Amino acid sequence: MAKYGTLHLIPVPLAEGGRWLGIELETLVGSIKHWIVETPKTARAQLRAISPQIDLPSLELSSWSKHGSNEALTLLQPCLSGNPMGLISDAGAPGMA
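In terms of the working numbering, the sequence shown opens at residue 2 and continues consecutively.
For the record, the hints were derived by calculation from the structure and aren't laboratory data. Keep in mind the model is a prediction, meaning the values are calculated, not measured. Accuracy of the hints is not assured; some may be wrong.
[To be verified] Cut-off 25 Å, straight-line C-alpha distance, at most; resulting in silico cross-link-like pairs (SDA-like, lysine to any residue):
1. K34 - L8
2. K4 - R45
3. K4 - P41
4. K4 - S32
5. K4 - A50
6. K34 - A50
7. K4 - G23
8. K4 - E72
Could you build all of it, start to finish, from the sequences and the hints given here?
Rendered as structure tokens:
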């Protein structure tokens, strides 16, 4: 049986300030190299806010269009190949907005 990676739904702050997300999330975010994001520029800022030491140039940020569900399998390929992935939304928590 194939070993898949885990898709992590990562909450992001809607406003600047406060470290309410915790060290566990900072560590997790720092360990993920493959991301599905809405807007890459916004995602980089959000990831830096959660994990200040993150190596942004080493990340693979794949932009997802809400209107194109046919691209889902392509975007999830790293996860299907066994790598952990993160998914963040410009609007706080993925799946809530």
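25 Å Cα cutoff - pair K4, A50:
31 Å, violated
Restraint status (C-alpha distance of K4 to P41 at most 25 Å)
Answer violated: K4 to P41 is near 28 Å, above 25 Å.
Quickly compare the C-alpha distance for K4 and G23 to 25 Å and report which way the hint goes.
Distance of about 29 Å is beyond 25 Å: violated.
Does K4 pair with R45 here, judged by a C-alpha cut-off of 25 Å?
28 Å, violated
Holds or violated: K4 and E72, Cα atoms, limit 25 Å.
Since the Cα atoms of K4 and E72 sit roughly 22 Å apart, the hinted pair holds (cutoff 25 Å).
Given hint L8 paired with K34 - CA-CA distance at most 25 Å
12 Å, holds
Would the hint linking K4 and S32 be met if the CA-CA limit is 25 Å?
18 Å, holds
Hint consistency between K34 and A50 [alpha-carbon to alpha-carbon, up to 25 Å]
16 Å, holds
In summary, the numbered hints that this structure violates are 2, 3, 5, 7.
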